[in-house]
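Q: Respectively, the protein sequence lines represent chains A and B. In terms of my numbering, the first sequence is residues 1 to 410. In terms of my numbering, the second sequence is residues 1 to 410.
Keep in mind that a hint or two might mislead.
[Stated by the list, open to error] Restricting the straight-line Cα-Cα distance to at most 20 Å, the calculated cross-link-like pairs of lysine to any residue (SDA-like) are: (1) K242(A) / A214(A); (2) K144(A) / M103(B); (3) K144(B) / S143(A); (4) K63(A) / G87(B).
It should be emphasised that the hints constitute simulated quantities derived from the structure, not laboratory data.
Number of protein chains: 2
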Amino acid sequence: MALMVQKYGGTSVGDPDRIKNVAARIAATRRGGSDVIVVVSAMGQTTDELIALAAQIAADPPKREMDMLLTAGERISMALLAMALHGEGIAAMSLTGSQAGIMTDASHGEAKITDIRGTRVQQGLDEGKVVIVAGFQGVDPESKEITTLGRGGSDATAVALAAAHSADACEIYTDVDGVYTADPRLVPSARKLDEVSFEEMLELSASGAGVLMARSVEFGRRFNVPIHVRSSFHDGEGTWVKEETMEQAIISGIAHDTSEAKVTVHGMPDQPGVAAALFEPLANDGVNVDMIVQNVSSDGHTDISFTVPKDHAERALEVSNRVVAAMGAARADVDRGIGKVSLVGAGMKSHPGVAAKVFRSLADAGINVEMISTSTIRVSCVVRADKVDAAVQALHDEFKPPMIFEEVGA
Amino acid sequence: MALMVQKYGGTSVGDPDRIKNVAARIAATRRGGSDVIVVVSAMGQTTDELIALAAQIAADPPKREMDMLLTAGERISMALLAMALHGEGIAAMSLTGSQAGIMTDASHGEAKITDIRGTRVQQGLDEGKVVIVAGFQGVDPESKEITTLGRGGSDATAVALAAAHSADACEIYTDVDGVYTADPRLVPSARKLDEVSFEEMLELSASGAGVLMARSVEFGRRFNVPIHVRSSFHDGEGTWVKEETMEQAIISGIAHDTSEAKVTVHGMPDQPGVAAALFEPLANDGVNVDMIVQNVSSDGHTDISFTVPKDHAERALEVSNRVVAAMGAARADVDRGIGKVSLVGAGMKSHPGVAAKVFRSLADAGINVEMISTSTIRVSCVVRADKVDAAVQALHDEFKPPMIFEEVGA
Chain A
1 MALMVQKYGG
11 TSVGDPDRIK
21 NVAARIAATR
31 RGGSDVIVVV
41 SAMGQTTDEL
51 IALAAQIAAD
61 PPKREMDMLL
71 TAGERISMAL
81 LAMALHGEGI
91 AAMSLTGSQA
101 GIMTDASHGE
111 AKITDIRGTR
121 VQQGLDEGKV
131 VIVAGFQGVD
141 PESKEITTLG
151 RGGSDATAVA
161 LAAAHSADAC
171 EIYTDVDGVY
181 TADPRLVPSA
191 RKLDEVSFEE
201 MLELSASGAG
211 VLMARSVEFG
221 RRFNVPIHVR
231 SSFHDGEGTW
241 VKEETMEQAI
251 ISGIAHDTSE
261 AKVTVHGMPD
271 QPGVAAALFE
281 PLANDGVNVD
291 MIVQNVSSDG
301 HTDISFTVPK
311 DHAERALEVS
321 NRVVAAMGAA
331 RADVDRGIGK
341 VSLVGAGMKS
351 HPGVAAKVFR
361 SLADAGINVE
371 MISTSTIRVS
381 CVVRADKVDA
391 AVQALHDEFK
401 PPMIFEEVGA
Chain B
1 MALMVQKYGG
11 TSVGDPDRIK
21 NVAARIAATR
31 RGGSDVIVVV
41 SAMGQTTDEL
51 IALAAQIAAD
61 PPKREMDMLL
71 TAGERISMAL
81 LAMALHGEGI
91 AAMSLTGSQA
101 GIMTDASHGE
111 AKITDIRGTR
121 VQQGLDEGKV
131 VIVAGFQGVD
141 PESKEITTLG
151 RGGSDATAVA
161 LAAAHSADAC
171 EIYTDVDGVY
181 TADPRLVPSA
191 RKLDEVSFEE
201 MLELSASGAG
211 VLMARSVEFG
221 RRFNVPIHVR
231 SSFHDGEGTW
241 VKEETMEQAI
251 ISGIAHDTSE
261 AKVTVHGMPD
271 QPGVAAALFE
281 PLANDGVNVD
291 MIVQNVSSDG
301 HTDISFTVPK
311 DHAERALEVS
321 NRVVAAMGAA
331 RADVDRGIGK
341 VSLVGAGMKS
351 HPGVAAKVFR
361 SLADAGINVE
371 MISTSTIRVS
381 CVVRADKVDA
391 AVQALHDEFK
401 PPMIFEEVGA
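Isolated chain A, as found in the complex (with noise of 0.2 Å):
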């Protein structure tokens, strides 16, 4: 028998209307004869909502309680589509993160998903019945204490889920109708992928395309678990994310990002060591990096620039006034008015010349071009904040993704 996991967001499930069509399509799978376990996000607004009222008691809340908190929130949604399904006449039965076995580390809000013990999800299946898993949550199993997985944790809750049980498909059912060539919002032109592989969808993701979050896509291509990414308001097929693909593509889609910033360190002095005495206290304070680029000047002396998510600018600009201090550096700033634009396909690879034409493109719309960053599929430029939407729109219009050049299965 057939074992498929789908996955429900908050909108799918923000109101009792909406929860009784996400069961009827559960049921619609059930009845087809798959055995079912669905994981569900909270309602709507719901952690919006909480995270106001925790706002409104204290400023800087402690994050275990915030994690115990914030998991009520799915303990509604998956209760009352519990009952949604015992109205639809399907047996089933909801089970929090920690009864589910979702085994994490110790960081609250922001837990990695260790291990899954699955036994009570098992036995739900074994019974017959639809297993409902709460996402986002989990438990450490050293200190019992709940944890919650931080943004994308649901969609990790089903991959993870999907994995351990060997199910044949992830669903991840969602507002939209899968992976885009690039954001339908600036690009109307832009069109719905079939399909990609998981290392072109880890470089969207990683790059700001927002369907997916990285850790979901690198579960599913660890344990190779196929995930379909489609909307939860029709039936129609949306995007299929797995390891071989029917047809691939030169470039599979433009992503973008304007979530960064760029931060400088000017005239460090040009000596070895100088970027490790820089990024070494950058990853101790836990600041993530993204892009990095050095220039050499021609007086001995050298800037650094990096980009990093807005929210940890702040921390990234007083590590860096403390090395300028230390090495005799100029000084360091940051610039919040940066965007990212990302070229993203795997047959890049075999494929000389991408990388060009992409500057060629963005210097024909006037664009100019301040940080660059590669891989072996994807190509990214950080230019201004203002000028993202002509990047992608440019770079959309030259490549016409998926552009498609050999077939590689039947």
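Take the given structure of chain A and dock chain B to it, following the hints.
A: Only chain B this time, still in chain A's reference frame:
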């Protein structure tokens, strides 16, 4: 070091400001040198809102899932209260019923506490923390299923924790000042009792005094935990419920209850076993029978009347109709227009004539008594529902509780 258990109801934690007020009060107790276990209900209307959500999803939701849903309520309030205590500079941690070792039977929605396994609570206290426990909820150790305790469950949690951890007292904070000699909304001259015995409080609770449920009083009596019922809005003393009271009153108070209905089976054959033939099937169907009166008529037939909670009335009538058919009785009917007035006082035992005085007072007020039931410390009369207020007033005027006749200790 003293150990206090404090329980705060839903009104006391109804919004962020009230939660901060409660935190300030707990902090004062903690700074005074006591260890503190806090039991908290869901915020204000949370439980009702969750029930309303469930009603929009399913007509008859599974009780297991209702428990999963409703237990989100205390999870929210306890986490917020822990945050507020941190804001006061007091170390605190919140624990679910399951984490606090509140073991129950498997009856979803009306579970009974069977054991307290207080390892994590004790650990928190040993670490110098205020330990906040979710009221109203527990876990069945056999199935690991989450349960709720039903009406008065948070009070029961508090008294049970106080018993298990040998607390010096259990304070029940509520929106009234304490236990009154009668409902002050009916009797303006009603007085707050300084103290009342477990035995009397049990009778008052069972007779309709809503301030404490009988199950909590029974816990207090069994484990000899003094219970202090007091207001969460000011610092004044409330009512102490305890084993030995300083002053023993003939009459401690007058309770009333309009939540019951009267069922009468007319024309039962007057033969041995007729009462068993009626009340055995009622018990088997889970109908809670309160008062029972049987009158023997002259023609070899008998009428049996009994009272049940109004929401059991329909079921009681169905069972009675089956018995009518089986026994060849005349008919059964339900009367929902009744009320019960009860006079309670430990001194009644050694003070004859109280019942006679009750009947005389009611007769003088023109109130007809339809059923009578007595214990050693209680006299209860069923009257028309619209005469209940007048009956409470008449009895309060007559007996002027607390009516004290002897000193029993220093």
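Q: Each hint needs a verdict: does it hold in this structure or not?
A: Comparing the hints with the structure gives:
With a C-alpha separation of about 14 Å, the suggested pair K242(A) and A214(A) falls inside the 20 Å cut-off, and the hint holds. Pair hint K144(A) plus M103(B) holds up; C-alpha atoms about 17 Å apart against a cutoff of 20 Å. Between the alpha carbons of K144(B) and S143(A) the distance comes to roughly 19 Å, so the proposed pair stays at or under 20 Å and holds. Taking the CA atoms of K63(A) and G87(B), the gap is near 13 Å; set against the 20 Å cutoff, the hint holds.
Every hint from the earlier list agrees with this structure, and none is contradicted.
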